[in-house]
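Asker: Take any residue in the sequence shown, count from 1 to its spot, add 1410: that is its number in our numbering.
Worth double-checking, as some hints may not be accurate.
[Stated by the list, open to error] As a list, the in silico DSSO-like pairs of lysine-lysine whose alpha-carbon atoms are at most 27 Å apart:
no.	residue 1	residue 2
1	1653	1628
2	1506	1453
3	1425	1509
4	1523	1538
5	1476	1453
6	1425	1566
7	1453	1509
8	1523	1509
9	1523	1545
10	1631	1425
[Claimed, not checked] Simulated restraints, written as ranges between beta carbons of each label pair:
no.	residue 1	residue 2	range
11	1646	1570	27 to 35 Å
12	1646	1426	18 to 26 Å
13	1646	1508	21 to 29 Å
14	1648	1604	32 to 40 Å
15	1615	1496	51 to 59 Å
16	1570	1528	24 to 32 Å
17	1613	1552	27 to 35 Å
18	1563	1528	18 to 26 Å
19	1468	1566	39 to 47 Å
20	1509	1646	27 to 35 Å
21	1624	1509	36 to 44 Å
Source of the hints: derived by calculation from the structure; they are not laboratory data.
The structure displayed is predicted, hence computed values, not measured ones.
Just so it is clear, CB atoms sit at the ideal spot from N, CA and C, and this is done for glycine as well.
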Amino acid sequence: VLNDDRFTINLNSPKLELVSRKGNLEAICFATVPVLLLSVPLKERYTFLPPLYLTKAETQGGLGYKEGHFETDGQFRAYIQPMYENKIYFVLFLEKNEKDGRKIFITIGTGLKEDVETGKKLLLQVAKNESQYRKEHQEYWSRYWATSDLYIPETKLMHLYDVCRYFFACNSHGSYPMALQGVWTKNDGTLPPWHGDYHNDINLEMSYESYLKNGNFKEGKVLCDYLWDRRDIWKSFARDFAKTDGYLIPGV
C-alpha cells in the first residue's frame, strides 16, 4: 500500500475501495452468500499469506497445525490447511479476467477434502450470476439500514454509530455470531487473547443488547440459533457439572 493510497468504505452499499497510483481496487463481501469479490487491475498480482499462528506450537500462542499448502486445479487455486484428524480448512480462489481488469472470487470452508468441490461450485455460480448477487447485496443493506434510524448532532459520534451498526451486520451472517475478537486479529503472529473464542458474558451481551430496539431481528437470530443448536451440550454440562436439570451455559 502506497503512502498516497486511500481506502473508503461505502456503508450504504457496503464495498471497500482502494484508490492508488497503481489502479483502483474494489472489494465486496456479499451479504447473501459467503463469497468475497475482489476487482483489481489486470496487471496486479496478489499473494495470500497464511497467519503464523496456524503452525506455531500451542505453547507459543498458536494452534499447532501442520504446514498448509497451495493446490492448483484448472482455474481454481486453493490453500489447504490440515487441522485435526482428517479435517481441513481451505481458502479457495477463482480468477476471471476481463477487458478492464481481473475479478477474484474467494470463499472459505472447513470439513473434508471433498468439501472443496462444493466451494468450487459456489464460486462458479456466483461468478456466472454476479449481477444478481450484487443486486441481492444492495437489497439486503437497504433493508438493514431502513429498520431504524438515529440522528446524533455530533458528526464523529454519528459516524461511530453508523460504523458500529455496519460491523454488527457484517459479523452476524451465517452460522457464527459476533465475538469479542476474531481469529483474524493480528497479534504478533499468535492467536488473540483467549484464542478469540466466545465468552457468554458482557463481552457478547454488549454486542447484541441493542438488536431488538434497532429491529435487526435476523442478525440477532444468529446468536440465538447458535446457542439453541448447542442446547444438548448445555444440558449435559448442567447435569455433569452442577448435578441438576436444565441448561447451563458457561459464561467464561
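Asker: Is the hinted pair residue 1523 and residue 1545 satisfied, with a Cα-Cα distance of at most 27 Å?
Answerer: Not OK: residue 1523 and residue 1545 at ~32 Å, beyond 27 Å, violated.
Asker: Could you see if the CB distance from residue 1509 to residue 1646 stays within 27 to 35 Å?
Answerer: For residue 1646 against residue 1509, whose Cβ atoms are near 58 Å apart, the range 27 to 35 Å is violated.
Asker: Okay, residue 1646 versus residue 1508 on CB: inside 21 to 29 Å?
Answerer: violated, 53 Å
Asker: Kindly confirm whether 18 to 26 Å is satisfied by the beta carbon distance between residue 1563 and residue 1528.
Answerer: violated, 49 Å
Asker: In this structure, is the beta-carbon distance linking residue 1646 and residue 1426 contained in 18 to 26 Å?
Answerer: violated, 43 Å
Asker: Would the pair residue 1425 and residue 1509 pass a check requiring their Cα atoms to be no farther apart than 27 Å?
Answerer: Holds, at roughly 22 Å.
Asker: Is residue 1653 within 27 Å of residue 1628, Cα to Cα?
Answerer: violated, 35 Å
Asker: Within 36 to 44 Å: is that where the Cβ-Cβ distance between residue 1624 and residue 1509 falls?
Answerer: This hint holds: roughly 43 Å between Cβ atoms.
Asker: Check the hint pairing residue 1631 with residue 1425 against an upper bound of 27 Å on the C-alpha distance.
Answerer: Given pair residue 1631, residue 1425 holds - Cα atoms ~24 Å apart, limit 27 Å.
Asker: Between residue 1453 and residue 1509, does the CA-CA distance stay at or below 27 Å?
Answerer: Holds: residue 1453 and residue 1509 sit about 11 Å apart, inside 27 Å.
Asker: Starting from residue 1523, check that the Cα of residue 1509 is at most 27 Å away, please.
Answerer: Not satisfied, since the Cα-Cα distance of roughly 34 Å exceeds 27 Å.
Asker: Using the beta carbons of residue 1570 and residue 1528, state whether their distance is inside 24 to 32 Å or not.
Answerer: Hint violated: Cβ distance 39 Å, outside 24 to 32 Å.
In this structure, the hints that do not hold are numbers 1, 5, 8, 9, 11, 12, 13, 14, 15, 16, 18 and 20, in rising order.
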